[in-house]
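> All chains should be modelled from the sequences, with the hints used to inform the complete structure.
Protein chains in written order, with this note's numbering: chain A, 1 to 225; chain B, 1 to 217.
Misleading hints may appear alongside valid ones.
[Said to hold, decoys possible] Distance ranges between label pairs, derived from CB positions: (1) B/184 with A/107: 15 to 21 Å; (2) A/31 with B/73: 25 to 31 Å; (3) B/185 with A/179: 30 to 36 Å; (4) A/25 with B/33: 43 to 49 Å.
[Stated by the list, open to error] Chain B is nowhere near these chain A residues, computed Cβ spacing over 10 Å in every case: (5) 37; (6) 68; (7) 69; (8) 180; (9) 193; (10) 197.
[Stated by the list, open to error] Partial list, computed: chain B residues near chain A (C-beta under 7 Å): (11) 82; (12) 86; (13) 89; (14) 90; (15) 93; (16) 96; (17) 100; (18) 103.
Simulated from the structure, these hints should not be mistaken for lab results.
A virtual CB, placed ideally from N, CA and C, is assigned to each residue, including glycine.
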Amino acid sequence: MSQALPTPPPRAWHLYRAMVGVGVLCGLLIVTVFLGTRPVIERKRAEALQRAVFQVLPRARSSRSFRRMEGRGFEPVVKGAVGGEVVHAGYDEAGRLVGLAVEASGMGYQDVIQVLYGYDFREQAIVGIRVLASRETPGLGDKIETDPAFLANFVRLDVSVSEDGKRLAHPVEAVKPGAKQHAWQVDGITGATISATAIADMLGRSASRWIPLLRGHLGDFREAS
Amino acid sequence: MAFELDQDGAPGSDEFVKGLWRENPVFVQVLGMCPALAVSNTARNALAMGLATLFVLVMSNVVISSLRRFIPRQVRIATYILVIATFVTVVDYAIQALSLELHKALGAFISLIVVNCLILGRAEAFASRHGVGRSALDGLGMGLGFTLSLFSLGAVREILGNGTLFGLALFHAGFQPWVIMILPGGGFFTLAGWLLLFNAVRERRARAVSLAGEAAQ
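Encoded structure:
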């Protein structure tokens, strides 16, 4: 009767060889693919951002990003630098500043909604909005991106500042669908009340903080043009 | 030094075909349900997730099969995960380079391909015991079976839930979409429908084979 011999335990060298060898090969592959795809991904991200800026600032023909420097206003973003709060300035054909695009975010029905909105400082109004990230319910909550009546709220949403320039003259507020009476109100969406209110709230919060600040530093953006 | 016994022969078409129908990963083995239900709300997302999984499955099968003689049993799972995670990272960068919108739509589910039990299952059950050719065919068949299954789910859900296929409208303007179909519940309904169909066909075939066997006797 034959009996199978027990398999001897592997030597430590074999374990190291397998793990380290495979690890090194995998690392090399990942770094190679990362370096190969990075220029394409960065270019696509920049193009997507520029498309979004042009969408929320319809009169803009070129754009430039600025980082907020604590106590020193805004300075152009240097390529490769990361972190900090960034806003995007839009310029017309003649290089004149036409508005500023700012990111805002807030909790929606399913998850955090992230938007980019355009601020026209001459009209003192939000003149465009684009949803950058949203996981709202398909067919209901995602109407914040597709419903023409809702998007019409942001053709000219009043965010004018008070006389002392430190706060909004009227806070942005959400109202029931069809109940809008003032330029600073946002008509809701039937069936997507929470998502629509979330957009109005995040715009209200962001505009209250950013617009008095941006108006105090418009020179930073003009000089850069 | 071989750590695994080879059970190899010449690559056969069965290695490829079995994943499409007889051992279909979604409709027969019911594996990889997380991405199958989560990202099959449109045909485009389903197809992209299926193809990403197909790529990872084929590549990891090939690499694991090639290295099977050098990977001791004691560290095999850790090594397989390392290989699978590498190809998931590669496919993640590739999708970003192809389409940022698609990458955004698939979200965290691309990274979660690492823990798709289908891929680790094929590595352990097949690639670690067979040659490169058979393992590649196995990965290709299983990956295509997974892709077709996801597409079957995604197409039905998008057509009924949105009235479109790949974004193209299929019905007149008066069509009222069944929103439930693109919500999580719709994934379960559609999966149940396909499982019902698959099982009915398999049972009918088995009965026909059994009757033919009895008649031959």
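> Could you run down the list of hints and mark each one as holding or not?
Hint check results:
| no. | hint | in the structure |
| --- | --- | --- |
| 1 | B/184 with A/107: 15 to 21 Å | holds, 20 Å |
| 2 | A/31 with B/73: 25 to 31 Å | holds, 29 Å |
| 3 | B/185 with A/179: 30 to 36 Å | holds, 32 Å |
| 4 | A/25 with B/33: 43 to 49 Å | violated, 31 Å |
| 5 | 37 | violated, 4 Å |
| 6 | 68 | holds, 25 Å |
| 7 | 69 | holds, 29 Å |
| 8 | 180 | holds, 26 Å |
| 9 | 193 | holds, 16 Å |
| 10 | 197 | holds, 20 Å |
| 11 | 82 | holds, 6 Å |
| 12 | 86 | holds, 4 Å |
| 13 | 89 | holds, 5 Å |
| 14 | 90 | holds, 5 Å |
| 15 | 93 | holds, 4 Å |
| 16 | 96 | holds, 5 Å |
| 17 | 100 | holds, 5 Å |
| 18 | 103 | violated, 9 Å |
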